[in-house]
Amino acid sequence: MLIPHPLLGPRDAVEFTYLGDASLLARPDGLAEGADAAFHDYVYLRDNPAGVHRELWYHEQGDRSWLVVTRNTVTHEILGAELARDVALAMRGAK
Amino acid sequence: MTRLSGGLIDRSRTLSFTFNGRSYPGHPGDTLVSALLANDVRLVGRSFKYHRPRGVFSAGSEEPNALVTLGSGARAEPNTRATVAELFDGLEARSQNHAGPLGFDLLAVNDLLSPFLAAGFYYKTFMWPKAFWEKLYEPAIRRAAGLGSLSMQPDPDAYDKGFLHCDLLVIGAGPSGLSAALTAARAGAKVILADEDFRLGGRLLAESHTVDDAPATDWIAGVEAELASLPNLRLMRRTTVWGAFDHGIYGAVERVADHLPDPGAGVRQTLWRITARRVVLAAGATERHIPFANNDRPGILLAGAMRAYANRWAACPAQRVAIFTNNDDGHRTALDLLGKGVQVAAVVDTRPDATALGPYRTYPAAQVTNTWGRRGLTAIRVAHEGGSDWVTCDALGVSGGWNPNVHLASHQRGRPVWDAAAQAFLPGACPPGMIVAGAAAGQGSTHAALHSGAKAAQTALADLGIVANLPDLPRAEDTPLNLRPLWHVPGKRRAWVDFQNDVTVNDIALAHRENMRPVEHLKRWTTLGMATDQGKTANVTAIAVMADLTGQSIAATGTTIYRPPYTPVSLAVLGGGDTGAQFRPRRLTPTHPWAQAQGAVFVEVGPWMRAQYFPRPGETHWRQSVDREVLATRAGVGLCDVTTLGKVDVQGADAGVFLDRLYCNPMASLKVGMVRYGLMLREDGHVFDDGTCARLGAEHYVVTTTTAQAGPVFRQMEFARQCLWPDLDVHLISTTDAWAQISVAGPQARALLGRVVDGFDLSNAAFPFMACANLTVCGGLRARLFRISFSGELAYELAVPARYGAALMARLVDLGADLGATPYGTEALGVLRIEKGHAAGNELNGQTTAQMLGLGRMVSAKKDAIGTVMSRREGLVSDTRILVGLLPVDAAGPVVAGSHLFAEGAVQQTDTDQGWVTSACYSPHVGSSIGLGFLADGAARMGEVIVAANPLQRQNVRLRVVSPHFIDPDGGRLRD
Amino acid sequence: MTDLIPITALGTPGGTQPQRARFGALHLAEDDSMGLASFSLRRGQGAPQAVALPGPGGFLGGFAQGQGIGALWMAPDQWLILGTGQALGDFAAQVAVLLPGGCVTDQTDAWAGIEITSDAGPGPIEALMSKLVNIDLAGFGPGRATRTGLEHMSVFVLRRSESQIAVLGMRSAAASLWHALTTAAARLDHARGTA
Amino acid sequence: MRFSALRVIKEALTGHKGWQPLWRNPDPQPAYDFVIVGGGGHGLATAYYLSTTFRKARIAVLEKGWLGQGNIGRNTTIIRSNYLLPGNQPFYEFSMKLWEGLEQAFNFNAMVSQRGIVNLFHSDGQRDAYRRRGNAVLLSGADAELLDRDQLRAMIPFLNFDNTRFPIKGGLSQRRAGTARHDGVAWGYARGADLAGVDLIQNCEVTGFRIAQGRVLGVETSRGYIGAGKVGVAVAGMTSQVMAKAGLRLPIESHVLQAFVSEGLKPVIPGVITFGAGHFYISQSDKGGLVFGGDIDGYNSYAQRGNLAVIEDVAEGGMALMPMIGRARLLRIWGGIMDMSMDGSPIIDRTPVEGLYLNAGWCYGGFKATPASGYAFAHLLATDTPHDTARAFRLDRFAKGHVIDEKGAGAQPNLH
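Residue numbers (this note's numbering), protein chains in the order written: chain X, 1 to 95; chain R, 96 to 1071; chain V, 1072 to 1266; chain C, 1267 to 1682.
You can trust all of the hints, since none of them are fake.
Straight-line C-alpha distance at most 20 Å; calculated SDA-like pairs for lysine to any residue:
1. C/Lys1673 - R/Gly941
2. C/Lys1363 - C/Pro1352
3. R/Lys766 - R/Leu857
4. C/Lys1532 - R/Tyr217
5. C/Lys1283 - R/Phe211
6. R/Lys435 - R/Thr305
7. C/Lys1511 - X/Leu45
8. C/Lys1666 - R/Asp974
9. C/Lys1276 - R/Ala213
10. C/Lys1276 - R/Ser209
11. C/Lys1283 - R/His607
12. R/Lys144 - R/Val204
13. C/Lys1673 - C/Gln1392
14. R/Lys219 - C/Arg1273
15. C/Lys1673 - C/His1388
Derived from the structure by calculation, the hints contain no laboratory data.
Working from the sequences, and respecting the hints, build out all of it.
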């Protein structure tokens, strides 16, 4: 596969390490009420869609950027990639 | 000799080769098969199941029958398709899968037993008595299975890999591929043209047609010359593109030296990973046959192959041939053979309106219904409107139409689509970026192929914004096939569909009867298409036969899945490159050359090589060396290279806050100039890693990790920095390799260090336990000093730039001679830490918790660090196993890691299991074996005698539960 | 000055001389003279003036820049600063002065550098790269640099000129890197010999 | 019809006219007591045991394609019972015991071949971990042996012992482990279930569940609504997709695992061998093909195909371990969808929807579990209590912290 790195252009997927669903960006507050249940959902449950999936890839043999890649899990077509940090900052802003 | 006139062979040179030990002549340009045919060798192999005599069936990589073992010794290569083996001087080939000589295969008895060996027979028997399957039946089946044999010696040749990028990859250099490549290359695009053959031209080489009123080879030569002159085109002969992967990545194997008598020091094959923005698939088509009774005799082959042998290689399997066809193509073979002086006994044409295209006898509305000839064809039975005749002939060409080579187009699960007009499966949804051209797209005439290739290239490049003009293409034949489908000749006798695996029309009928009708069931029940040719000459025919039986259309019946590789690929080239000692990189510590010079024994520790121990003269067993190193460290001072621990530089205004969230224990509160032990959890609450965290400045920390987890911890830190807390000002960089870090441990550590530091106060007051500092050593060399201990002794770790590591180690050993300075390796390191009760890899195995390590109180509930919440789950909290020390009751008793722990007297089974021994060693300090282990309720069981069971090695050892700190439990030595 | 004698990344005992090898047109030479330091911009910090810092995939190697300083882009807001002949001093300290306000970490001994030069133009260099790294050479002219994988190692490849590249690999894996590079170069040389 | 050697001989002599369909092609009934969703190995085995051992009737298996088209038809056929953890090992040993009598029980030769497995180790730490595992296996009543380098050299002389990056130091062996013919297992269970009256319904895709007051009433399918007393779902890689139709979100990701077979070769590999320092394991089929594999590709996928990097990685491992296979050729690569659970262990449990039961999370190890999985799932469906050996496979173990993590990899499916 080729990952369309937003800064570096298409890069061989073997340079990356895959983590999983981009919902891992939304870590619950560990000090909040109900953290146990929130963390169970965060750590263990996945939508696991057959289709468009937003997922985290780490450019380990590259620039060490974490990316949010939008990819179709049925066709493997990649619809886009963003720096995860930008996505995470936007999520904070939206809160 | 059946060598004809003409052909693309170099008669000026004669090559000598052997088949089954007998020597034959051939010429450059020959394949093994064309040379064998020219030498009148028709019997080349045996079928898989029935051991039927088999001859050549095709002229390409689809060959089901002519499989040989090429070469000898360690270079012996089984199952090589002789049709594509390029002849060289000294080539050695042997036939396969027979007992006794090829002509008198004892296993041919299977053919007589064939009624008992019908499709699926083995699922229905061999079950009684039960023990006989593994003792008798299966060994017999296994012996009979398989085709060629491996040499059992390591492959001696060199292989490598490479990476290519292009705008357009053209797969196949037949007429459509050549015209595509020419179109694209002239437009300035970066083009790769790959073909499995050693000669450009594809099917054109096999035909007698003219191109622009001249031999096709003239046109090919012109194109070849032009392509060679264009620097933006890379021409790859002998290169098979075998797999289409995601996002335009194609796997290709270039056979660099398979055609050379001796590859020498060079590379035999190269695996290329080609990244192509666009692809034109011009892979041509494979001719199909028409099953009829006894259609598998040597001498019966595809009509197009027969024509290819005659035209390209000036070879023919016989002097008198017949043709069986349902289309005009069969007649072209007859014409070309006549032109080469071969006798054409008859053309048997299934079409009622068939007419001869030349001076030979044609049977219209006729079928071949049987054949004769034990080890080679001698006659065929022809049923025609007027009755039936025996026609004598020594070879029969069969033409049932052409199947487009849709394989690569289908590698991404796009199913081929049945086209009733073409009577063929055409490419369905192709991989993104691929366009199919020429015969692979059903554009089979030379004219159509040339034009579809150029058009495909133009369309592909237009996508990339590159304007390509269509070239002036030459005039070429454009005649239709006029095919009238016939999928098999009905009859009761065996008519082969899949030659190699001996699948007949009757087997398909049986599968139908037994309700194994979906094509996947058909394939699996009969083994259809599972031979080395992946059914290239069988599958479509079988689908049509099944469709006939079920009454469903061919389109509804559908195909099985086309899977890579297109043709089989050697495992050696896929493995590529270095596979022995260089299988993976080796990381060497900065003191490695010094340790080597000391005669150290090294051990693999993940990617690293580390000194395991340093034997001295007179030491004959590793334990002697290790005991000495341990005792010397505890008595004087020991030196160990600990560079392999991961080191991460953490800087920034929020570094402390950041580390507070990574470690379960507090770090922001750490004072500058101090070090703290830190425990990281995974988000699921289990222990991830441990290490130290040193604060060198207000906004500067250095984190150490275990050797094994250096990569994962750094990844986790980047994840936390970028994904979880992106608003923090934190900066990370690995410095593992930058610093050589040497542990200086033992009561004399301070004394020794005092001899290298540049005026630095090492006193306990100035530099207490868990202090750290930047300083210089040995006359101005910048260094870092950490007062931390893994051994339980007064200890420091001293870091200097890596290039000075070996010199520093040598200096310390030298200056410390009078203090007993002793280098120690990983074995002694392990003993020292077990004696001290420090957890390491065996304890931090991903299944343990802070509580199990006795560190439960480190998990701060006051902050939100990774893993804190999940570490509170009931299952983790209720686990009472905890790290304990284990001492043998009988001092001579062994403690063995991996033993399971039981209460004394308990039945030893899964549900009474109370824990296990994680680490064990001989402790020269204690004077016996000692161990660490996790034990249920361990904290409450100090002094209790338990049993360590190691049934694997029939050991049951009584152990006493003790504190895991075998030395200095109060930690006084650390702080002195 | 310390009296400890440094060794090169490929050094054997007493190995103070960099390794060199030649295969046809390709020259491979270990270079242990570069000072290296990472430089990260603090949150909100503006780009510094003293050294031009390249964008993603870029490398400003012009040793002509003041004080023989070059820079390559490592990661968002992070660069590797290269100082010719600065290996033995405290290069990080110099960089901290040159580029104030950011985070600087010494990397000099973290990397082993191999300079590869062709005396027959870009052909041999590109052929060598094609065997080792998955880089589209069409976009990898002089002034480009990237981190990528090479035989299971992580390396920086710097295109210094049409006919020269530098490969920076983890210092600890220098011997494996040298093995990979020399094996590929030797095979290319052999192939040319037999072609 | 009973299969036997006599029957084969009789049919051979009479032109194979008497063979019957292996199973019927029934139309779906309006309702069943038990509907099993998924006609793969586990679903068919469940129906088989439900109808035979547990003597239940009115059972249907709904398969969206053809019987055995899932992972039962595309795995590398290994059977073994050499697990570490007490939540797993008794279950897999139960499965091994079922394998040992399976073919006589369902009257079909599935070519169960106990030719042994050897897991190689390459470091002292790995040896300690394998010793712990081997002892756990023995303590569960199954068999295991620890082999040293010399024993291995005598047993498998063609391994690369001398020119290695990671020297072979020994191996953990289980002699009762081995292989079975994967399709044969599916067909055996299918035929056995059909003979016991189970309706095997192919080309019948479940498109939804009808649920009222928290209880499942039946399933919507491409062939109409089918009522059901109880519904058991055993759809491997499609688990998340099917269960989402019942409103459930699960601790599962779907990943692709590639598998490989070489051209047919005369016998060379004695049993199953796994490399401990790279991603590679291998056996040889009765037909002569080297059957091998490695790690999952590592990204979520429903494509049933993988990519080149993993193919190279597997081949590198193979060449490092046994360089004599270099001149064998890869014939075919394929991929399956693995339902990778969050701790690497399976789920056989009730769900929050009454009457809806789940059998999932087999990762890439489901083949060996087929008999016990079917048996335990049938037990749960028939009795509403978990089978003794499958008690740990609960859905709530993640919330409660009773994970069964053999590898110690944590909540990241692609590391299991």
